[in-house]
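Take the two lone chains, each set in its own frame, and fit them into one complex as the hints suggest.
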Amino acid sequence: MDISSLTIKKAHELLVNKEITARELVEHFLKEAHTKSELNAYREIFDDALASADAAQKMLDAGTGTLLTGIPIALKDNILMKGKIASASSKMLEHYRATYDAHVVARLRDAGAVFLGRTNMDEFAMGSSTENSAFGVTKNPHDLSRVPGGSSGGSASAIASGTVLGALGSDTGGSIRQPAAFCGVVGLKPTYGAVSRSGLIAMASSLDQIGPLAKTVEDAKIIFDVIKGKDPLDSTSYPDNFPHKENKKPKVIGVPVDFVRMKGVDPEVLRNFDASIAKMKNAGYEIRDISLPSLAHGLSVYYILMPAEVSSNLARLDGVRYGFHADGTNLLGDYARSRGEGFGREVRRRILLGTYVLSSGYHDEYYGRASAVREMLRLDLQKAFEGVDIIATPTTPTAAFKIGEKTNDPLQMYLADIFTVSVNIAGVPAISIPSGFIEEGGSKLPLGIQFIAPSFGEEALFDAGGDFEKVRGF
Amino acid sequence: MEIELKDVEHLAGLARIVVSDTEKELLRHDLGEILAYVSQIKEVTAELGPAKAGELHNVMRDDAEPHEAGLFTEELIAAAPSRDGNRVLVKKIL
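Chains P and A are the protein sequences, given in the same order. One point on numbering: in this note's numbering, the residue at position 441 of the first sequence is 441, and numbering is uninterrupted. One point on numbering: in this note's numbering, the residue at position 93 of the second sequence is 93, and numbering is uninterrupted.
None of these hints come from the bench; they were simulated from the model. Careful: at least some of the hints might be erroneous.
What the hints assert, rightly or not - Straight-line distance between alpha carbons at most 25 angstroms, and here's what the computed DSS-like set of lysine-lysine pairs gives:
#1 LYS383(P) - LYS42(A)
#2 LYS42(A) - LYS263(P)
#3 LYS91(P) - LYS24(A)
#4 LYS52(A) - LYS230(P)
#5 LYS406(P) - LYS24(A)
What the hints assert, rightly or not - A few chain P residues that don't get close to chain A, going by computed Cβ distances all over 12 angstroms:
#6 MET1
#7 VAL16
#8 GLU19
#9 LEU50
#10 LYS58
#11 ALA106
#12 LEU144
#13 GLU375
As the list claims (entries may be wrong) - Pair by pair, the computed Cβ-Cβ distance ranges are:
#14 LYS92(A) - SER443(P): 55 to 63 angstroms
#15 ASP21(A) - ASP327(P): 16 to 24 angstroms
#16 GLU74(A) - ALA62(P): 29 to 37 angstroms
#17 GLU19(P) - GLY85(A): 55 to 63 angstroms
#18 VAL88(A) - ARG288(P): 54 to 62 angstroms
#19 ASP110(P) - GLU33(A): 44 to 52 angstroms
#20 ASP21(A) - LYS383(P): 20 to 28 angstroms
#21 LYS263(P) - GLY49(A): 44 to 52 angstroms
#22 TYR100(P) - GLY49(A): 33 to 41 angstroms
#23 LYS92(A) - GLY229(P): 46 to 54 angstroms
#24 HIS57(A) - LYS383(P): 20 to 28 angstroms
#25 LEU76(A) - ARG288(P): 52 to 60 angstroms
#26 ASN408(P) - VAL88(A): 34 to 42 angstroms
These figures come from a predicted structure and were not determined experimentally. Cβ coordinates follow ideal geometry from the N, Cα and C atoms, glycine included.
Isolated chain A (complex conformation) (with noise of 0.2 angstroms):
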């Protein structure tokens, strides 16, 4: 599996990865040897048939019985690197 250096950029980008010059290098060596190793599955022969959902269906709980508003506003907005008041604060993108 041949990657090129500007496949590693593309994929660093999609993935919204800064990554240095001398690290793509080396991506583009790993991610290759990785996709010959994973590629042995298409040696399977045998007929595969779809991939199937577990044994547990309709998993999801009722919507229903919320917590009261703001409860872990304060727990959950103290995380994060910067804030504002009751919000999360991010460079204007506009």
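Isolated chain P, as found in the complex (with noise of 0.2 angstroms):
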């Protein structure tokens, strides 16, 4: 039995069917994590794992447990964990223990899950390929050579490497999505609100969502359905009775066809693209082209906003209460040394940014404009929902690139989540399937597909992308 290339479901009916203990499975993950520790995708590979698993398979042996117990998961360093270390891969919080479990943990562990260990990201999660952790990038296990993309590259990596069945990840422009689709997993970036960002060490506010990374469409949904749901420590978290539109089988996919065809596009992430949408419509859906021009001030808004919420966020780091502290020569030498010393350079650059927009003079110009104009961007997609049920475009303008190739220049870092910000800033769900390789330097790389749903169509999006798994033809 080749374990490592289980799914989710297929592990949980081995576990039902008793031809697999949780401990033989979570044994055979944490051995497979330990040897593959060349990809730098955990920071740490927890030693309790194997205590989880004999406690989850008392629960399946006295029949109360539930499709994720016994199974084990990764989870994002910037997710708590209580008691253990939650360091957002940043120097800053390198001995940062978890005073409290995040929600979805909470979710999780009485769901029964197994949690292995916590994965590499960028530091606070800023970032597009894992460069910007402070313990060293993580690899793709499709070309060592090569990002796993970011920020939760460790996530991502982890699960197509397969040393683990799942994984949470957080997205904030495309944290969950990008590197899903350059490790050639699945990644879903839930509605804004539909799963509790408690416990979640915060970017920006309000683009930040917790999702699942799995290797199928019915995997993420399996992580999803239980960690979604009303929280009372996040006052954004949607009540479960929240009015929502019925769930209709999707049928009409839109493409926002001079977005796809922008300038930096990849032509072979274009003819994969059009290669997936002609095989939706042969699966029976309608093809519309859409416009929707405003999608090209997605970036510009998040590269506003985010920054803006960075400055605030992470002003509350300051060496006094907790994390990193370096010693000056009074109280605000102590504040600007710690944070000099203990953030990262891309860290640093944000606040700054954020500064910046945010500053008497400026305010209005930036951060005023860009709030006018992500209502702009949101009412617009609305309208495009009015007649198609998803929008598609690719996940990402290319392949994954080398390790190094952007590191210096920052636009061309953020150029990565030009497809994906614009999700964030309108608070929709999407996801990114796998969609196919492309050759380059020896190396087949993975490319996903982005499906876009209106706010609380997750189920469409399962339901569309279970589908195009089944055409997709590998």
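Given below as structure tokens:
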């Protein structure tokens, strides 16, 4: 039996049919995770995973198991688990131990999931390659000289290399979907407010959302169904009885043609995207060209609002209450040295950028205007969804790039998120699903297709995504 | 967008971040480039309405059922770089 290539669904069936024990399953993945340490996907592999596996086995034996009982899951390093270090892959929080469980962790724990370890990421989730981690880059298992994407690159690399069955990431501008595409796995950014952010180390609070990475759409849905729902500790999480649109099977896919064909998109990516759309047409979907010019402003809006929120969220890290401390000559010196030395270069850059767009004299010109354009983009998308059920784009403009290729050019790095940021700005859900491969420098690099749905349209994404998996041909 | 070194120094001061001289020059360049890019939003010609709040309203929880005093004190103070009993210790400011 090839345990590494199991899905959550199949592993669950084996556990329920007693063809494997939770301990055997978890032992296998622990061994794989340790063996594949050169990927640097994990910041830590938990030493209590086997004890959790035994507890999960008791649930299974008692008949109280769920679909996730005994299933090894990895957590991004910015999600709190009581008693464990959560460092956001920053020197600032290198030794910080969480004093409480994130809501999503409590939900998964109740479901009997086994936490295998915490995964590497761009520092404070700022980046598209994991190269901004204070603890070294994670490698893409499809080509070790390339990045896994980011910021949830450790989670994507861990699943793609067969060292865990599912993982949580966080997505502020594409940080689940882009690494999912680069590593050839499924990644879901849920509707803003669908999953509680309590216990997620905040980056940009109006954009952040926790979501699953997995091998299949079905597995992503299994994790999402466990972590979603109202949490009193996150006042932006939606009540379970919030009036949603009824879930109907999606039939019409909109393609924002001008946006997809803009400058800078790899022709191979477009070829793969067109072929994927043709397959969906053959599967019975109606394909409609749509025009969404406001999508072109997504990245500009994002790089104003996000750093603005970053600069205020990260103000709490001052070397006084927790985290890294460096001594200055006075209290102000303590703050400035602790922050100057505790934060990495990209984090410092974004804090200064956020400080600029919020500063007196520039606030209206940047932050105020970006907020207004955000509203326009949200309304434009809402209008587009009156005519189509889902919208499709490539997830990324290129396949995984080389380690070091973009580290000295932040703007080029930011462009890696061109297709994903607008989804966060509008607060709607989107999923990235593997759509094929391209050959580059002797490697087969995965690509992804992104489906976007209206708010709370996750079911439509799972429906269309499941159909796409059946017809994509691999 | 022209950013000068003194702008970078001012921002670093506001953000309470020590930045080295070599990094100041890099930041001057990067911030200039990024601001030039995001300034594209000024080209939006459509009439813009006000930014709206989300669909959820009155989301604050009831100010009730406080937890027992001191329940989390030890765990939270233990995370501070320096402490004095149940207080976080900082340098004198007066």
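What are the numbers of the hints the structure violates, in ascending order?
Result: hints 13, 20, 21 break, sorted rising.
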